[in-house]
Every structure is written in C-alpha cells, then in structure tokens.
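Residue numbers (numbering that gives the first Met the number 0), protein chains in the order written: chain A, 0 to 403; chain B, 0 to 403.
The hints are simulated quantities; they were obtained by calculation from the structure and are not laboratory data.
Keep in mind that the hints are not guaranteed to be accurate.
The list treats identical chains as one, so a pair stands whether inside a single copy or across any two.
Derived SDA-like pairs: lysine to any residue, alpha-carbon spacing no greater than 20 angstroms straight-line [claimed, not checked]:
id	residue 1	residue 2
1	Lys-174	Asn-252
2	Lys-31	Ala-6
3	Lys-91	Tyr-351
4	Lys-91	Gly-350
5	Lys-91	Ala-338
Bear in mind that the values here come from a model prediction, so they are computed numbers and not experimental data.
2 protein chains.
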Amino acid sequence: MAVSPLAPAAFPSLPAIAGVRFATAEAGVRYKGRTDVMLAVLDAGSVVAGVFTRSATRSAAVLDCQAKNGLPATGAAAILVNSGNSNAFTGKIGATSVAAISAATAEILGIAPERVFTSSTGVIGEPLPHERILAALADLKDGLRADAIDTAARAIMTTDTFPKGASATVNVGGKTVTIAGIAKGSGMIAPDMATMLVYIFTDALIDHASLQAMVSGSADGTFNCITVDSDTSTSDTVLVAATGASGVQVAGNDAFATALTDVMRDLALQVVRDGEGATKFIEVQVSGAADAADARKVAMSIANSPLVKTAVAGEDANWGRVVMAVGKSGAAADRDRLAIRFGDIWVAREGYRDPAYSEDETSAYMKNPELVIGVDLGLGEGTATVWTCDLTHGYIDINADYRS
Amino acid sequence: MAVSPLAPAAFPSLPAIAGVRFATAEAGVRYKGRTDVMLAVLDAGSVVAGVFTRSATRSAAVLDCQAKNGLPATGAAAILVNSGNSNAFTGKIGATSVAAISAATAEILGIAPERVFTSSTGVIGEPLPHERILAALADLKDGLRADAIDTAARAIMTTDTFPKGASATVNVGGKTVTIAGIAKGSGMIAPDMATMLVYIFTDALIDHASLQAMVSGSADGTFNCITVDSDTSTSDTVLVAATGASGVQVAGNDAFATALTDVMRDLALQVVRDGEGATKFIEVQVSGAADAADARKVAMSIANSPLVKTAVAGEDANWGRVVMAVGKSGAAADRDRLAIRFGDIWVAREGYRDPAYSEDETSAYMKNPELVIGVDLGLGEGTATVWTCDLTHGYIDINADYRS
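Go ahead and model the full structure; you've got the sequences and the hints to work with.
Structure, rendered in structure tokens:
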C-alpha cells in the first residue's frame, strides 16, 4: 500500500522516557513477515490512566482495561498490544484470551496480572490465536530496550500507511519532563470518548486521579474531534503511562496538561492524515453557534457528510453541500445569518452567495492538500474545530475487500 | 450514465387519475436537450397535502409549500417542478423566484397563487433563472394531457438513472379509487420527515386534515426509512393530491391508507434502487430492541455505515462491521444477546460466531443483488426495517465532480 500523500516526511525522533522499555515480535497472529506484537514495560511506581471507546460492543481487551484502570495495584506494569485481530465480538472466549495473555505476561515479568493492560486491533469476530502471542513472550522480554518506541509504533499498524509518533518536553519548576506517544488508526475512525490505539509515556510524577482527569479532558478536544468515516471502532483505547522517573510532580500543572494535549492532538491529526484513501486533510471550523454542543453537531455533520467529502476529493468548491450538512445537523441555524468560507475565501454570507465570490479563486484553493472549511452561524458564541479527510476511490478499494 | 442494475425492468403502466393533467417542457434551466419542467394541474375541489424536509436550510420552494399547505383556498390547483437547480440557499432572491413562478402559473391557469405548489431540485446555491420557466408556461398549458404522468416522471430527474412510478387501486364500499405517483431521488438521500420529490395523485374524496394525517403517518414507515448516503436534502418534498373525482369518500378508510402507504413504499424503494452508484439493494431488519426508537437507531447506524456499505459492495460477509455499527448506534445492546444474520444464514449468536457458520455459504449469499441484514438484540419488542444500498466507486465518480 502506498504511503498516504498527507504523511509527515519522516517518523519523528522520539526521546526515550526514563522507566519505559519496548520490544516487538513477529507472532504471526494474522500478518506474515512483519511485527505484530509490541510490549511496553513500565518500572515500579508508574501510573497508567486511559480513555476507551463507549461502543456497546467494545472488545474484550477494552473491557479488561476499563476494569483495571485505577486499581490500587502497585509495582511494575506492562502494555501488550497485538495487531491483525481485534478480539472483539468473540464472546467468552475473547475474555479467556485476554486473561491468558495477562497471566502469562505477568508471570514472565514478575508483576501483578492487574498491572498488565492489553489491546488488540484488526479483524472483528475471529477468535484470537493468543497462544501465538504467548509463544513470543520470552523473546519479547529478552528484547526490551529503552530506545525502541519507533518499532512499537510499527508493530501496532493495520491499514495504516505510516507509523505515528509525537513528543514534547515541558519545563516544570526549572526541571524537564518528557512525553512521547505513538498511535495507530486509519479507518473506522469516529472516536467516542477516545480513539484507536494510542500509547503515551512520560517520566512525570503524578497520581492516577490527576492523570486520569488530564487524559479525559484532553481527549475531548483531540481524539474526540477527529473522524475519518463516521464509524466508531470497538477497540478505541488511549493509555497514558507516567513513570515518575523525573521526580517532577505535575498534578494540576497547566504546562504539563497543555503539552499532553499537544501530543494527543498531534497523534490524532496523524490518524486523520492516514485516513483510508485520504488525499486531502480538512479542518472544519465552526463559530457563532448557539452553544458549543451545537457547534460540534454542525462541525461533525460537515466532517461526516459523504457528499462534502467526495466534493473535496474532486477539488470541487461545492459549498451547497456544506449548507446541506448544516441544515441536517439538528443544530439551530438561520439561513440568512449563515456564512461559509473555504480557507480565507468567503463563498456565502447572509444566506446567499458572496457578491465577491470568484469561482476561479476558490477552485484554485481547493487544489491544496490541506483545506479549511469555515462556517459561522451568526447566532451565539459556540465554537468547535474538528478534523477529517476526503472520501475517495482509495477508501472503497481498501474496504470493499478488507476481511478477505 | 448507465441505468442502475437494480432498476425495475420497465417504467410501470400508470393509470390516469380523473381530475389531473400533466405537461412537460424543455426550459433549459440547467440541462440541455431534455425536459426539465413538469406541470400538473388539478381540477377544482382537489385537496393537496404534503410532508417536507426538516432541514434548517430548506429551500425557498419548500418554505413556500409549507406556508401554503392546508390553506382554505379552493378552486383548481397546480404543481410545478423544475430540475437542474434547487433554489436552495439563494437568500431573498430565492423567495422572489418562487413568488414569480407561482404568480405567473396562477395567472395563466386562472387559479389562486396560494394553490400553486412548486419544487426545485438540483444544484444548491445558484440563483434560479426563473424567467426560463416563465417563458415555458404557455407551452406547458397547451400541452396538458391526462395520460402524461410518465413524461412528468422523467422531467424531474437529476442524477436519477431511471424514472420512478407506482400505482394502486382500492375497493372502497364497492367502488374503485385509484392512486398513482412519481418520485425522483438518487443521492443526498437520508430523508427527515419526507424525501426527495414525490408527487402522488388520487381520485379519492377526502378533506385536507384527513389526507395530511394519512400522508404524515405513511411517511414514517416509508420515506423516512430509506437512506442512500446519510445526507439529508434541502428540498425533500412529498405532495399528495386528491381530486375527489371518484366521488368515493376515503377519510379514515384503512384500505385506502394501506394502498397509499404501499405506493409510498414502492416509490421510496425505487429511490434506493437508484442510489448513486448502487449495485446492491439492502434491507436492514432489526428486532428485539428495547423499543422502536432504539431499533431505528440500530437499523440506521447499520444502513449509514460506510464500512458496512463498502463490505456489501465487495460481496464480503463482514459481519464484524455490523457488530461495530450496533455498538456505535447509541441504542441499548448486550453483546452476549446479539444475533446477526445475512438473509436466513445466522452468522453470529450470543456474542460469538455461530457454530454452524459457513464462510462459503455466506459468501455465496453475498453475491445476490438484493440482501437482507438481520439483527436481533434480544432485549425487548422493538423492531424496525430500513432500506439502503451499497457504497461503490460509482458514488465517488458521481459526486467528486457533480457541480462542475
């Protein structure tokens, strides 16, 4: 599969996080000739917080993570992720697989099973051949290295065309705290509470409740504001692990919260840039809504509209479809106060085509790989920004025969 | 454009409705070399009722129809429809165009302007060159014929690949009442309250309030249960005209209401069969939901899922994506009670792949042009049935460059 035209030039150089080591293996869960399991081991004292899909059919691994999130267990911890099989809708056998992986990982690492967090991503409804993962555990343990987060980013990919990573450093009281994270995701992207598989590591010192509050808050404006295809995964998981190795306390620290949000947004936008079949990156900016909830409704209605997304794919400045998406969103709207722009070009104002509208100028703008669709409803103070991509033949190619 | 593979073999032979005459013209609103305006004239005593889109950005013609629906005006009436331009999001100029068309039509026919109902369908946001329609009025009047409903069905098409018609006869107290209707619609189909442009005629005798109640009730289980692409039009309109020419009173008559519903469902399903790029017709049957609202949420979540629709296009029995769509719908669901079937083949029961599941048998079923996706939630008595089509390269082809 060709790399997305919206991919970054290269995978970023991610800093090592004191207290975290990584390893990957070719377990052959489904794919051949590539890594498909990653293990991250966190030193004793690490705190892990997460947000997860709200799907009513969420996977066995998600249910297990939710049960373990915030438990008072201490000591070292681990995150084990496989690609190729999501272990979702696999009934009681699915839970058995998660328990087997957790128990074996705990035993080989000498840690508590409730400190092992697992994720699975890939096809839904097939039993997970977890014995293949168990068979790789010894090699994974032997291969643990502090500088291998880039290999971990590759091992968790499914239809992704590039690995996704982001990092930040924060100055807290004159000391440096470091954050590094990885993500996977390309299709079935319309996160509800969290998205896809995302693992973020920091050497900050923080208690679970404070970290959980930061992660939940940051997810709202980052992972919960992206959509590729309006379809919400059964496996969406964001885990943030703080090892405390820096000794720098960050509970309630605004600079740290901002840096964490920045890393989460960076990873979220990389997921959109790897949207299945994507050739255009689209930022939808809504202002003037009656309230923030209405602004989000309008932004998501535009971002999820197949007609808007195909028009962008065709580089067609079809703002009539934006009008349609505003109209169907369910949010309060008044045609005669509505204004629409593509980038900085106003195409419609006060319920009508802008008198200065230039088809040539707008068509030229649509050829850019990164586009802004702006809508002002003229009613109130509500704003929202969401990110999406276009809908192309590539999406059909990828999804008309993914399972086979 | 090739005719949809799901099209009926031929346009049905529709009966003439006493009291209704039709004419069409090539006004050149946007298209060249084809008819693009249709006029239906209803004899004095006719009653017209309708349901319309709830879009917040509905078109000028829809707003005008809603204002006129149920007014006490009497005498002859008219319905005038153009294709090629929807006169939506055209500000105050849009309302001016509707008023000009209504006034001119009323004058040439010698009827009250509030008895002229208009619709426009096509591109959004372009001023309607209504003077081209006015120039065609004299020819339209001269061309009125009782047996020309088939030409009317063709004049209102946009991206439709075939004209859509349906009829029924009802025995009421030993006398015969006849119903005949036409529709257009292919993309931007996710009706909310009504759909697309639909015109139904009957010689039944009925008062406006009774007819309106029947039309609104029938829309719920017909036009409001179809979706092509989840995008709701700014122009959706269903008008039902009863001329009373049969002299048969049908207010409150169940047989007539059923026949009207049947005609509406037939037309609604023809719209799905002409879904943009469609190669598969899909009926989604949901049972066992906590209530009817939840059943509809689940059915629409499946029917609007790009991943389910592309899987069907690829003839892939990807029931995992059905699980996903159930999970994201927001309806109450319990993985371990959920059962899924394709046609009569159960693929999953009690939260797991059915033990008798046969990949070969299911894959063979997916090659049919008409498919049933069945979901039983195992929770209550709520049921819903909705209809949709697959998502193919054809949809991208049609919509990546429709406006230009």
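Hints, one by one, checked against the model:
In this assembly of identical chains, the alpha carbons of Lys-174 and Asn-252 lie at most 20 angstroms apart only when taken from the same copy (13 angstroms versus 81 angstroms across copies). Taking CA atoms no more than 20 angstroms apart as the test, Lys-31 paired with Ala-6 passes in neither setting, with 24 angstroms inside one copy and 44 angstroms between copies. Taking the closest pair of Cα atoms, Lys-91 and Tyr-351 come within 20 angstroms of each other only across two copies (8 angstroms); inside a single copy the shortest separation is 57 angstroms, beyond that limit. When the C-alpha separation of Lys-91 and Gly-350 is checked against a cutoff of 20 angstroms, the pair qualifies only between copies, where the shortest distance is 8 angstroms, while the shortest distance within a copy is 55 angstroms.
In this homomeric assembly, Lys-91 and Ala-338 come within 20 angstroms of each other (Cα to Cα) only across copies, at 15 angstroms, whereas the closest approach inside a single copy is 52 angstroms.
Of the numbered hints given earlier, the model fails hint 2 alone.
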